[in-house]
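Student: Chains E and G, in that order, give the protein sequences. Taking this note's numbering, I'd label the letters of the first sequence as residues 414 to 1198. Taking this note's numbering, I'd label the letters of the second sequence as residues 7 to 169.
Keep in mind that the hints were calculated from the coordinates and are not lab data. Possibly wrong hints are sitting among the right ones.
As the list claims (entries may be wrong) - Listed next, the in silico PhoX-like pairs over lysine-lysine satisfying Cα-Cα at most 20 Å (straight line):
#1 K993/E to K982/E
#2 K133/G to K1078/E
#3 K1181/E to K1075/E
#4 K432/E to K151/G
#5 K965/E to K982/E
#6 K863/E to K429/E
#7 K160/G to K432/E
#8 K496/E to K486/E
#9 K429/E to K469/E
#10 K526/E to K486/E
#11 K1075/E to K133/G
#12 K1078/E to K151/G
#13 K866/E to K429/E
#14 K718/E to K1181/E
#15 K429/E to K965/E
As the list claims (entries may be wrong) - Derived, one-sided and incomplete: chain E residues facing chain G with beta-carbon distance under 10 Å:
#16 G668
#17 T735
#18 F894
#19 G1107
#20 M1135
No residue lacks a Cβ here, since even glycine has one placed at the ideal position from N, Cα and C.
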Amino acid sequence: MSLFEHNNNKYNVIGKDIKRVDGLEKVKGTALYAADLYKQDMLYGGNVRIKEYPAKITNIDTSLALSIPGVVKIITCFDTEAKKHSWADYCYITDEVKFCGDVVAIVAAETKKALDQAIKSIKVDYELQEGVYTVADALKEDAPIIREKGVGLVDGIPSKDKKGNIFIDSYYPIRKGDVEEGFKKSDVIIEREYTVPFIDQAYIEPEACMVYHDPKDGSITGEASAQNPFFTRRYLADASGYPMSESRFIQRTLGGTFGGKEEGVGVQIGRAAILHKATRRPIKMVNSREESLMDSSKRHAFNFKYKIGATKDGKIQAIEGTLVDNCGAYNNQTQFMNWRASVHSAGVYDIPNVKTDTYGVFTNNVHGGAMRGYSSPQVIFAQEQLMNELAKELGMDNVELRRKNIIRQNSLTATSQLITEEVILEEMMDELLNRSDYYKKKKEYEDFNKTSKNLKKGISLVTVYRGAGLGAEGVDANGAFIQANEDGSLIISTGMAENGQGLQTAYAQIAAEALGVTLDKIHFHSVDTHAIADSGMTVASRGTTMGAQSMKLASEKLAMLFKEHVAQKFCTTVDRISCKDNYYYDNEDNFPANYSSDKRIAFKDICNERLWAGQQLAVYEWFRPALNQYDHHTGQGTAFPTYTYNVCISEVEVDIEIGDIKVTKVTSALDCGRVINPNMVKGQMYGGIVMGLGYAITEEIELNKGRILNDNFDSYILPTSMDIPEMDLVLFESETKEGTYGAKSVGEPATEAIAASIAGAVGHALDKNVDHLPCSLESILKYMD
Amino acid sequence: MRMQLNTTVNDVAVSVEIEQDARLLDVLRDQLGLLGTKEGCGVGECGACTVIINGKTANSCITLAASMEDCDIKTIEYLSKDGELHPMQESFIDNSALQCGFCTPGFVLSGISLLERNPNPTTEEIKEGLSGNICRCTGYEQIIKAVEDVRDKKYNKDGAINE
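Okay, chain E solo, but in the shape it has when bound (with noise of 0.2 Å):
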């Protein structure tokens, strides 16, 4: 293990401090997001909802709305010639209104005013269904059945024998060992419950996209603000009902997603689409904050029951748990994010029998989606509250705990994968309980807390690993194009997108490292998908990591390409052949000096040789990892080919009086495999700490029958610079033979623990049980009543 030291590699662009390849027209204010889009003859579209839900539409009134001057296309539900359901769960118009983002009828205006009046002027007559709003009510045995596909429990495990609300495609089962055996052999047995509430990815752009006809090639063209620009162009080609070589997307800077603008912006993109087709005009959409938060996925909640025990010496024995997560009324993310979910449902710990059950339900709720970490902050959160509970009954110290049961090489993990890799995971622990003097304060805070009567101090670590990429969910194959041009540029492009966390700038660096030039050379050309092929979603931290490999082998063939041609054209051998900052050189200093004085040749001068040639310029590369062996029936198998690990200490301030809890330092240590790009990594971390405070103290989507209470930014609380506390942040390195450069996640991993950490700090200095996100200020009265 080692700690990331600048300046201390082995690479000339791997490992530096460069900086953001967009970083220049994002400050200047320049940077085209999809709501900056205008066309001439554009129309503004919009979508009609309804307050209630479940319901039947029974009438549609749109004879007020039609009068109004500028209204030009009203479309119903009760229209014969749209598409009404989409290719996945989700509808583009329904009468069936299953949650508050379900769209009755869609409209195309001249004006934002006139669209806004229309929506308002459309009458809407249903009637209102019975329906089924959290987990508990959605189990019951009499709830109403929310979608046909639903089944029950039978012996409290999902089974199509029976008829329910739960989604059969979410269960994931894990069987290891015996936990009966295991409990036997326990001293101490705890059980435990816990629940997690909707939150927002909250990026601070709405949704926004254009449809239109483009005349030059005939296809319809999307534009929008979306994470996966060919699942985006999916519902594009599937609402138009054009071919996919007809239907084209282009990426447009991206202002944030964090998960979130996948199904919504997809849909979205088909009611443009739609409206489209409709008028022959091209269509702009953009989502209200009101509507972002109605229409788009959010982190699922959950609720979760386990149990665990361990014998006295502190070693568990056993686990079992159970998994029950919101899916809302449509779904189309449950079924991957649990597989995740159950494959960490036992933590970071060497358990020798494990069995857990992860399973969705319906309701007539926002539905659940992927937001950074998908699934890990909330399994993550009840799971180290349970080891500090476990700690407690053991009365031996929570970092002991953790100590004695963590993951290290040889370890099998809950789905008995072997970890062959290195594990630096208790390394990281000394140094982050050192830096952050973890057991003086704690000394200091419990002494404090006896004395002190309205303000309480906690302290807390956290344990945590995260599979990296897909693993066994998909597969985590990718493509890459690169092109050079006669004066030396570059231009890279992959099917995976800029979602903010600076994957263009990761790409850049992997091109310039591998052909020896400087990164101002490189351009990052965004999706077109009429113009590079798909390379799955931009999702699970895969962008770097896995995304990455085939830039890396596209980048490194068109560079052998190169050498060859210089070595051929001095008569000498290629690995006497490198270039750096834009220039060969012969590493023996042989030269032919009749070419250069200065022994040297430009990239630039090889690429026009070539171009003029007629040689290759171009290297398009496809990279298909090995794939894993697991068997999803048992849970057992290879899940992710390398893991990532991260410790989190949180310390927290509590004035008990009123409930208000001051997030006072935390410091995190994660294991980026290689560090790609310092800053750009602790820009991660720095935000991963923040969201995740968020996730702690203030997020919850605020729902009252499925309608969200909470539907702006001044009742739903995000921190501010206010919020922010103290920060120290320690990167590591460690050795895989996996992913771009032995680089691992970092997106997902920065913020996935911190919650967990807030509460567990919470949690010391009330010396209770945080069983609920977030420690609003009413859950802390609670807790001390």
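We have chain E already, so just place chain G on it with the hints.
Tutor: Positioned in the frame of chain E, the structure of chain G alone reads:
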């Protein structure tokens, strides 16, 4: 109802016919093509629509355009109109103080406005000065550092944009 608005935007006198109830944000974006001013929430909470009006920051999403007669309005486009970056913009790039970039114009303007009011703010005062802007990506740390670097005159340029 439509009316004529005469005002100054980025040092240019403009006369534009507007709806009487139009928001300044919509006039800037839809009518004047100043797209660096963003809409994040529409209720004055996120600060993505920050502009500087008569030397003070304001949320253009809750500012009535009709009230802007004879005002001095500055948007993000003002800063680099001569082709050079403002020190605050350079500092944001150097400090990795942006990710998705959507909130960035608002933060840059708030940072500049803060230093004009208080050329030597403490870190706490910087945090307070930026608290009207929300960023979901960066966790604010590198943004605060970017403002500190301009405060500490690491950029050898005059950052004043108001007389």
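Student: A separate judgement is required for each hint: does it hold in the structure or not?
Tutor: Hint check results:
A threshold of 20 Å between alpha carbons decides the hint, and for K993/E with K982/E the separation of about 18 Å falls inside it, so the pair holds. For the given pair, K133/G sits about 16 Å from K1078/E by alpha-carbon distance, which is consistent with the 20 Å threshold. The suggested pairing of K1181/E with K1075/E holds, with an alpha-carbon distance near 17 Å, which does not exceed 20 Å. Simply put, K432/E and K151/G have alpha-carbon atoms about 15 Å apart, close enough for the 20 Å limit, and the pair holds.
For the proposed pair K965/E and K982/E, the alpha carbon gap of about 25 Å is over 20 Å, so the pair is violated. Distance check on the hinted pair: K863/E and K429/E sit about 48 Å apart at the alpha-carbon level, beyond 20 Å; violated. Distance hint between K160/G and K432/E is fulfilled; the C-alpha atoms sit about 17 Å from each other, no more than 20 Å. Proposed proximity of K496/E and K486/E is supported: the alpha carbons are some 16 Å apart, at most 20 Å.
Among the hinted pairs, K429/E with K469/E is inconsistent with the structure: their alpha-carbon atoms are about 58 Å apart, more than 20 Å. For the hint linking K526/E to K486/E, the alpha-carbon distance of about 15 Å falls within 20 Å, and the restraint holds. Distance check on the hinted pair: K1075/E and K133/G sit about 15 Å apart at the alpha-carbon level, within 20 Å; holds. Pair hint K1078/E plus K151/G holds up; C-alpha atoms about 17 Å apart against a cutoff of 20 Å.
As the CA atoms of K866/E and K429/E are separated by approximately 49 Å, the hinted pair breaks the 20 Å bound. Pair hint K718/E plus K1181/E holds up; C-alpha atoms about 18 Å apart against a cutoff of 20 Å. Under the criterion of a C-alpha separation no larger than 20 Å, the hint pairing K429/E with K965/E is consistent with the structure, at around 17 Å. Restraint check, G668/E versus chain G: the minimum CB separation of about 3 Å is within 10 Å; hint holds.
Given the 10 Å rule on beta carbons, the hint for T735/E is violated: about 32 Å separates it from the nearest Cβ of chain G. Checking F894/E against chain G by beta carbon gives a least distance of about 24 Å; that is not within 10 Å, so the hint is violated. Hint status for G1107/E relative to chain G: holds, with the closest Cβ pair at about 9 Å, below 10 Å. Interface restraint check: M1135/E against chain G, minimum CB-CB distance 5 Å, threshold 10 Å, status holds.
Of the hints listed earlier, those the structure fails to meet are numbers 5, 6, 9, 13, 17, 18, in rising order.
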